[in-house]
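Chains U and S, in that order, give the protein sequences.
Position one of the first sequence corresponds to residue 73 (the working numbering), numbered consecutively onward.
Position one of the second sequence corresponds to residue 73 (the working numbering), numbered consecutively onward.
Be careful, since some hints might not be right.
For identical chains, the list gives no copy identity; a pair is met inside one copy or between any two copies.
To be verified - Computed cross-link-like contacts, DMTMM-like style, restricted to lysine to aspartate or glutamate with a CA-CA straight-line distance of at most 25 Å: (1) K127 to D192; (2) K218 to D204; (3) K207 to D192; (4) K80 to D204; (5) K218 to D254; (6) K117 to D204; (7) K207 to E171.
Please keep in mind that the hints were generated in silico from the structure rather than gathered at the bench.
These figures come from a predicted structure and were not determined experimentally.
Number of protein chains: 2
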Amino acid sequence: MNRPTTRKGCETRERIMVCAARLFARQGARGTSIDEILTESGTGKSQFYHYFRDKDELIRSVHALQIERMLALHSVIFEQLDSWEGFELLNDTVLHLLESQRFQDGCPIGSLASELATSDELVRMDTEQYFDRKKAAIVRGLTAMKLRGELRPDTDVQGLADFVVVVLQGAKLLSKVRRSADCAQASLRHMLLYLQAHRS
Amino acid sequence: MNRPTTRKGCETRERIMVCAARLFARQGARGTSIDEILTESGTGKSQFYHYFRDKDELIRSVHALQIERMLALHSVIFEQLDSWEGFELLNDTVLHLLESQRFQDGCPIGSLASELATSDELVRMDTEQYFDRKKAAIVRGLTAMKLRGELRPDTDVQGLADFVVVVLQGAKLLSKVRRSADCAQASLRHMLLYLQAHRS
DNA sequence: AATCATCTGTACTGCGCGGTATAATCCTCC
DNA sequence: GGAGGATTATACCGCGCAGTACAGATGATT
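Given these sequences and hints, build the entire structure.
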């Protein structure tokens, strides 16, 4: 609702967002009450409704934040996706992320999308756009490799990019259910091997 | 809670379960109220609490039902996974299923698992077991092919099976977010191509 | 027809939730 | 130092929700 102007206001809004992000990732948006967020973040109701119109706006803001975070974290990697080392780095980063959450969250973006995609069209579209940007980065990388002659000229770059996104999301989901990175690790390795099978 | 004994009782319980399954798949378990289920299924509260202890029990029952359904639907396919035609059939079946729901549900089992895995350990474990059985079927098929000499002897059957499960789940999730089967179709095709790259 | 368990209708309860109202502070800038 | 907006505290509201109470209907068995 109101954007914070002072330093203190920014911190308050930030605390709410960060705390909500953590809780949403663990127990979903519908499984988290506003009161819980306020208690954990040490803020009050008046503060919440000063910065957010309602819970839906919070959810969308948090989702946008998670997307922003992820894209920021991956921005460096995205630029290196024109090499095998780049894809290996991508895999390692994903696995490291899963491990750092002890496989409890899976993919915060994917989880929230899965929960709300059919009931909140804005969340669905934001997620779609996120996947699009991820795919675009992969397409850029693979295209560069193709142009440099490292990939066969008949390589289906678009389809492969979709494929990579699918594998990443699937791996994160399974690691959450299995509470283990084993299947994710195996899957990502095979994904990379498949990409390399297109070497010319 | 109480198992129904009469024919009428079975029908009532069945109506509640089927209706809940449909609603859970669309809007999640937490996004669906008991009253909504009762209204849509044309039953009353006393009937509900006659057959279920509480909402959690309903959720677990519905989840178990979805798993049972899926395994039943795939049982024939699972036995044919020792051939490329079997895997093609698997892909086609998944795509057909997504299309028949007009990409609104994704994977009912995966969606519910993603929503509740961290807060309901029983749901998480049931889902894990479901993935295990799926993987086991794939392992059986690939092992048979290996023994027949259709796959290279050094093929990583376990890892490939995990990989297939991951791709299937990822594809279903993305089709839900994108409201389209395109990326799923491309991904499944590439998955099959990768399997076939292990031909000896 | 009487019995008894199964099944069902209806009204209710209590509470947690999202959201509001109002007024009190804090901070900055003039 | 005080005016005025930004920020925060507290108390409250109404509703929808999960869950309960209890009486009534059904229907098979004897």
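For each hint, the structure was consulted:
1. In this assembly of identical chains, K127 and D192 lie within 25 Å of each other by CA distance both inside one copy and across copies; the values are 12 Å within and 24 Å between.
2. Taking the closest pair of Cα atoms, K218 and D204 come within 25 Å of each other only inside a single copy of the chain (20 Å); across copies the shortest separation is 38 Å, beyond that limit.
3. With identical chains, the CA atoms of K207 and D192 are at most 25 Å apart within one copy only, with a shortest distance of 23 Å there and 33 Å across copies.
4. Neither within a single protomer nor between protomers do K80 and D204 lie at most 25 Å apart by alpha-carbon distance, with minima of 36 Å and 50 Å respectively.
5. In the homo-oligomer, the alpha carbons of K218 and D254 lie at most 25 Å apart only across protomers (23 Å), although the nearest pairing inside one protomer, at 31 Å, exceeds that limit.
6. Neither within a single protomer nor between protomers do K117 and D204 lie at most 25 Å apart by alpha-carbon distance, with minima of 36 Å and 45 Å respectively.
7. Taking identical chains as interchangeable, the C-alpha atoms of K207 and E171 lie at most 25 Å apart whether they share a chain (24 Å) or sit on different chains (23 Å).
Comparing the model with each earlier hint shows violations of hints 4 and 6; every other hint is respected.
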